[in-house]
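2 protein chains.
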Amino acid sequence: MATLGDIGVSAAINILSAFIFLLAFAILRLQPLNDRVYFPKWYLMGLRNGVTQSGAFVKKIVNLDWRAYIRFLNWVPDALKMPELELIDHAGLDSAVYLRIYLLGLKIFVPITLLAFTVLVPVHWTNSTLRKSGFTYSDVDKLSISNVPLGSQRFWTHIIMAYAITVWTCYVLQREYAKVAAMRLLFLASEKRRPDQFTVLVRNVPPDTHESVGECVEHFFLVNHTDHYLTHQVVYNANKLAKLVKEKKSKQNWLDYYQLKYSRNQSNRPMMKTGLLGLFGNKVDAIDYQTAEVERLSKEIAEERERVKNDPKSIMPAAFVSFKTRWGAAVCAQTQQSRNPTLWLTEWAPEPRDVYWRNLAIPYVSLTIRRLIIGVAFFFLTFFFMIPITFVQTLATIEGIRKVVPFLKVIIDIPFVKSFIQGFLPGIALKIFLIVLPRILMLMSKFEGWESISALERRSASKYYIFNFVNVFLGSIIAGAAFEQLKTFLHQSANEIPKTIGVAIPMKATFFITYIMVDGWAGIAGEILRLKPLIIFHLKNFFLVKTENDRKKAMNAGSLGFNTGEPQIQLYFLLGLVYAVVTPFLLPFILVFFGLAFIVFRHQIINVYNQKYESGAAFWPDVHGRIIFALVFSQLSLLGLLGTKHAAQSAPFLIALPVLTISFHKFCKGRYEPAFTRYPLQEARRKDTLERAKEPNLNLKAYLQNAYLHPVFKSDDEDEDEEFDDKLKSNGTVLVPTKRQSRENTPAPSRMSANSSPSRPNAIDQIQ
Amino acid sequence: MATLGDIGVSAAINILSAFIFLLAFAILRLQPLNDRVYFPKWYLMGLRNGVTQSGAFVKKIVNLDWRAYIRFLNWVPDALKMPELELIDHAGLDSAVYLRIYLLGLKIFVPITLLAFTVLVPVHWTNSTLRKSGFTYSDVDKLSISNVPLGSQRFWTHIIMAYAITVWTCYVLQREYAKVAAMRLLFLASEKRRPDQFTVLVRNVPPDTHESVGECVEHFFLVNHTDHYLTHQVVYNANKLAKLVKEKKSKQNWLDYYQLKYSRNQSNRPMMKTGLLGLFGNKVDAIDYQTAEVERLSKEIAEERERVKNDPKSIMPAAFVSFKTRWGAAVCAQTQQSRNPTLWLTEWAPEPRDVYWRNLAIPYVSLTIRRLIIGVAFFFLTFFFMIPITFVQTLATIEGIRKVVPFLKVIIDIPFVKSFIQGFLPGIALKIFLIVLPRILMLMSKFEGWESISALERRSASKYYIFNFVNVFLGSIIAGAAFEQLKTFLHQSANEIPKTIGVAIPMKATFFITYIMVDGWAGIAGEILRLKPLIIFHLKNFFLVKTENDRKKAMNAGSLGFNTGEPQIQLYFLLGLVYAVVTPFLLPFILVFFGLAFIVFRHQIINVYNQKYESGAAFWPDVHGRIIFALVFSQLSLLGLLGTKHAAQSAPFLIALPVLTISFHKFCKGRYEPAFTRYPLQEARRKDTLERAKEPNLNLKAYLQNAYLHPVFKSDDEDEDEEFDDKLKSNGTVLVPTKRQSRENTPAPSRMSANSSPSRPNAIDQIQ
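Line by line, the protein sequences give chains Z and R.
Just so we're on the same page, our numbering is the position in the first sequence counted from 1, plus 105.
Just so we're on the same page, our numbering is the position in the second sequence counted from 1, plus 105.
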């Protein structure tokens with residue numbers, strides 16, 4: 106049982122480390138050398154470039170202007186300044202709505218915290234159960250429900266609070282769902298033309314012996330959507346081609362590296378070995394060898410491209426079908442085409458960037474089997490992952506290694522190595538597993554056959570949330586590995602399970618407070634520092650970069666990572682809702698997390714991240730659903746807890762809560778979810794009419810002709826990054842240049858003008 | 106523990122009573138007097154009429170031809186003869202597919218019975234556990250799993266059998282689902298034009314201050330479905346009008362009765378009292394009074410009809426929108442119309458006969474709340490219905506009555522009344538409840554707001570199934586009222602519940618065998634006798650019938666009653682699947698039920714029932730889902746049972762079964778269910794093209810103009826029965842006269858021609 110003092114120490118440590126991270130960030134970001142690490146978004150948008158206009162070489166690397174350091178926390182108001190509409194323009198709807206999850210956390214928990222502190226803290230504090238009990242206890246426990254005597258009438262407060270929290274949470278959730286749904290519809294109906302508005306992805310085209318897939322698709326849609334069909338693009342199986350392109354890119358990198366090396370030191374022509382990892386094989390002239398390799402690959406790529414284009418076998422039974430109007434596409438996406446509902450499956454085409462090409466050709470029956478397999482595999486992964494890890498851990502002891510690889514005995518017995526192994530190895534297996542876990546989950550989702558990257562991330566997020574819920578949340582509350590919990594729950598009756606959980610919850614409050622500070626405070630502050638991309642950028646910059654273009658490539662802007670980020674936020678919602686009634690003392694820590702994370706991620710989204718795709722906030726139903734789950738879970742655990750407090754008369758009042766909450770969820774699902782899965786015809790028609798009036802002579806066919814070409818066909822010699830960039834620009838959809846310059850250097854015109862404006866041009870010179 | 110002998114006696118009694126019912130039916134149906142009771146379908150179709158062509162008066166009433174009695178079981182082959190396609194023409198797809206449920210039972214259980222008797226019976230019989238145990242046991246128990254010793258390796262047989270049964274059941278289910286889905290699509294795409302193919306039901310039309318509902322609908326669809334919109338019909342709130350029409354019909358009935366009475370006995374003009382139930386009030390001339398009343402009502406109806414038609418407030422925010430093509434309707438029904446997905450809700454219009462007019466105007470939010478209320482109410486009804494009934498039962502004792510109504514003491518103390526009360530009253534409350542239950546469930550479904558009669562019946566069937574499962578099946582297996590079971594289950598762990606159920610199952614085999622014989626054998630045989638309609642018809646015929654038309658009205662053809670019939674069949678599927686492995690001795694009893702019921706209901710559907718609506722077998726997904734539920738339940742209970750048999754190693758093999766079954770269900774749902782909820786565009790387009798080629802000048806607007814008029818507007822002086830009949834004919838959809846005469850008198854041309862043909866014309870004469 107940690108005391109308030111312990112928590113204070115822990116808080117001090119974590120606040121300090123968070124502060125150090127923020128300070129380091131504030132300093133590093135001002136160095137022109139790091140500009141591309143901390144502001145890559147602006148470079149990618151072409152609103153900032155690295156060309157130095159003036160100043161000495163030193164000034165290019167280090168910022169010597171002391172005034173810039175004084176304002177080192179300026180990025181916070183800067184991050185908050187950009188209005189939401191501009192943020193949507195700047196970074197896309199996905200990012201803007203993602204930020205709203207943090208805001209939602211604040212909206213839900215600020216009033217709940219205030220209420221809980223006014224009502225529950227006095228109710229808890231003014232008891233003396235713990236003092237009388239004779240057990241050791243801390244001040245934190247005095248603030249929790251444990252301090253209320255058994256059978257007390259005060260538990261009515263908790264029941265009423267549970268109702269208040271539910272009503273408030275549902276109210277906020279409903280408003281937010283409505284708002285996000287409206288934002289999505291507005292975004293989809295925005296003025297800009299996008300290929301996916303006109304296009305439908307058709308899968309499971311039935312094989313036909315007389316016609317090619319393309320002809321088959323054309324005939325089918327000419328017959329069944331006579332007035333609306335415009336054109337289509339078949340999907341090529343270009344996996345081999347993509348592999349070749351990737352290989353060529355890697356060789357090209359090496360070529361660049363050797364050329365740069367040679368250009369720096371002309372006396373010594375670089376040599377390399379052709380064998381495994383450059384360690385074995387013949388020694389050859391590196392530049393010549395790599396040039397030859399690149400040429401060979403270019404030729405192979407050209408051949409493969411021809412082969413893919415001409416071989417009917419490389420055409421997959423899927424196509425992107427485009428329509429003359431948005432109305433036609435909306436109709437086709439929402440209806441069933443053929444008698445056999447597993448053929449001619451239509452759905453909205455994802456954005457071209459968002460398509461996950463490999464999965465487009467999976468037949469329907471196979472999907473069911475794949476999902477079953479993954480379902481079972483995920484179950485075992487969640488509940489039994491500790492078994493192989495424990496096994497590895499037993500191997501990774503001194504004795505284990507001695508047994509398995511006896512010839513290493515000599516090394517192992519060196520004292521330093523020995524202590525390293527003993528201290529470090531046992532934990533490393535688990536650590537590696539946890540680091541690799543999101544990738545494993547993503548692979549699982551890919552195997553399930555989802556056809557867009559956004560869907561893959563959503564599915565992975567669901568899996569990650571379940572894993573976290575079972576192994577982090579339940580695993581902390583009820584000690585023991587997941588499969589032991591599973592056994593416990595299987596052997597407990599339905600009304601015992603909430604009690605087991607409910608009783609354990611108040612005891613773990615201090616643990617979770619520490620967890621929030623480490624993961625939520627210091628972790629988030631670490632995010633803004635971008636240590637890994639910083640190091641990699643400088644390594645690349647030193648070894649590979651020759652041209653501006655290369656430097657652009659070396660920037661790794663990264664993206665939001667919905668599949669790991671959102672489950673993390675959800676854990677905080679869960680903690681907040683579960684502890685709101687039980688130990689309200691935990692709530693302020695969660696508030697700090699939501700506030701800090703909101704600012705940090707707003708800054709990152711504005712300045713750093715470059716989203717890989719735009720799904721139009723299609724993830725919101727998942728976010729909403731998981732918060733509802735957390736709410737219901739919190740209600741059930743409170744029910745269990747009060748059941749052990751001899752407050753039995755409270756049960757009938759509390760059992761209504763989950764029923765009402767689930768009913769509310771159903772209502773929201775019916776009311777708002779269609780906005781995320783369907784596209785209303787009214788909107789489509791309105792948009793079509795508007796467009797026809799504005800641009801009567803638009804050549805839509807030309808516009809859509811190559812929108813859904815596999816990326817490897819798009820460009821030959823340019824690499825993917827650029828191509829991707831070009832696509833963005835040519836589509837003109839998401840990353841439109843705003844009139845605004847990067848915020849962090851533009852002073853707010855009103856308040857600070859007197860003292861900071863004069864130094865401004867100078868500072869900009871220095872930074873650039 | 107019943108012995109084989111006990112079961113034999115019970116079987117004899119039930120077979121005898123079933124035989125008596127069948128014999129009585131065979132005799133009664135041959136009497137010309139009863140012809141309209143046993144063959145109403147043919148009268149309604151106009152293929153048979155009651156006009157006597159020749160013969161004496163006696164012959165009109167009693168069949169004196171002894172040869173007809175010899176062939177008294179002829180109806181069985183007759184019922185089986187009509188091919189399925191003709192049956193669909195004759196009675197609609199719903200009925201034909203309903204019969205397939207019984208066939209499905211035979212298809213599933215005949216091979217399972219054979220397999221179980223070859224494999225399991227020897228495995229069970231050749232043990233001696235029961236003999237050694239010293240308990241009393243019967244031969245039935247020797248045939249059950251109870252006879253296998255604990256921890257025996259023989260339990261592997263049961264595991265393999267469970268797999269075999271699951272695989273076979275799923276295989277049959279899948280084939281059947283495919284077949285029914287194909288039948289449905291064929292039926293929907295059949296040559297005949299039907300108004301519901303072109304029409305979409307639009308609900309939640311938003312209120313508009315400037316436009317009426319009709320204008321609003323017209324504008325919306327002219328804009329959003331420009332090329333396809335044809336016409337629409339608004340929905341009137343005609344509930345008051347419908348009530349008046351009903352009242353008038355009742356008065357008219359009385360008038361007919363008095364007029365008939367007067368015409369039989371001209372000397373005495375009938376008198377009646379105007380007060381309550383005809384017991385109080387002034388005595389007046391009955392014919393004059395009723396004539397005046399009918400006239401008054403006719404006037405009121407005319408006024409009300411005008412008012413409804415002209416008052417904008419009586420127009421509900423719903424409309425039937427018709428399109429120029431099936432394609433247009435299919436598109437509109439499957440897509441979302443407006444940004445707000447709770448407005449402009451579109452769905453396939455049910456058949457005109459199938460519309461439940463009262464529910465068309467319920468707004469979306471209200472639906473969620475209604476369903477929540479009914480969900481909670483149904484939960485309490487299922488688990489706690491015994492509480493009020495027990496309360497009523499305590500009141501209905503001698504002492505209870507004495508307390509509540511002391512002035513009845515004198516009557517109560519008469520010995521006969523006393524014994525009547527003691528013997529009869531306590532049970533009557535439960536009996537009445539069980540009789541009223543389907544109506545209660547139907548009322549609940551109506552309150553939920555479903556907009557077609559078929560949907561109401563489907564929802565009621567689901568509720569009735571759950572009620573039966575909990576109170577009949579579980580209630581018999583685990584003694585005690587439902588709320589006590591609920592308590593038991595809540596206090597048991599997840600792996601204890603299947604054990605509790607599993608252990609109890611073999612012990613109840615003899616009870617369920619008796620149940621099957623009473624409910625399934627004698628009950629079904631009683632169904633064909635139609636005792637209640639027989640009596641009512643003769644009463645009506647005597648007191649009311651004046652004209653042929655009246656006689657037609659007096660026939661109560663009845664219909665299938667999906668809401669009570671299907672849950673009953675499902676109970677047999679459940680019993681069969683649960684006992685297949687445990688006590689295979691029960692299977693033949695189920696086979697007899699399915700066989701007998703198939704023949705009986707095939708006969709009834711051909712000769713008696715007149716379906717109220719045609720939903721195109723929309724109920725099949727429910728049927729399929731419930732059999733899957735029964736299968737999973739049987740697997741889990743077997744798992745529980747084997748868990749107590751010290752056959753623990755079997756659990757891992759069995760746990761895979763429910764996972765696979767549920768996965769199979771998901772596959773079927775994705776693969777076949779869309780055929781029941783959506784209408785493929787390809788089909789629609791094909792049908793449209795065909796029709797345009799065949800009838801280029803079709804005036805579709807005229808055809809659809811009044812298809813969806815509220816029934817009370819359709820006709821004035823005719824009553825509903827006729828009106829309904831007319832509608833059937835005018836639509837020309839379901840009840841098309843077949844070229845075939847009623848089967849039961851037409852000899853098969855080949856086999857029986859030599860001996861029966863000569864007597865035929867005579868027999869027909871006599872019957873008619």
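In short, the hints are calculated from the structure, not lab data.
Wrong hints could be hidden among the right ones.
As the list claims (entries may be wrong) - From chain Z, some residues computed to sit far from chain R (all C-beta separations above 12 angstroms):
no.	residue
1	Ala286
2	Glu316
3	Thr331
4	Lys356
5	Arg412
6	Lys592
7	Thr669
8	Pro779
9	Ala780
Said to hold, decoys possible - Selected chain R positions facing chain Z (Cβ under 8 angstroms, derived; list incomplete):
no.	residue
10	Ala435
11	Val436
12	Pro446
13	Leu591
14	Phe594
15	Asn600
16	Lys771
17	Phe772
18	Pro779
19	Arg783
To be verified - The calculated label-pair distances, taken between Cβ atoms and stated as ranges, are:
no.	chain 1	residue 1	chain 2	residue 2	range
20	R	Val764	Z	Gly319	35 to 43 angstroms
21	Z	Leu190	R	Lys771	37 to 45 angstroms
22	Z	Glu411	R	Glu452	29 to 37 angstroms
23	Z	Pro311	R	Val272	25 to 33 angstroms
24	Z	Thr495	R	Val764	36 to 44 angstroms
25	Z	Ser295	R	Tyr268	38 to 46 angstroms
26	R	Trp273	Z	Pro311	25 to 33 angstroms
27	Z	Val481	R	Trp273	19 to 27 angstroms
This structure is a prediction, so every number in the text was calculated from the model and none was measured.
Ideal placement from N, C-alpha and C gives every residue a C-beta, glycine not left out.
Could you tell me which of the numbered hints above are not met by this structure, giving the numbers in increasing order? 1, 3, 6, 8, 9, 13, 22, 24 and 25
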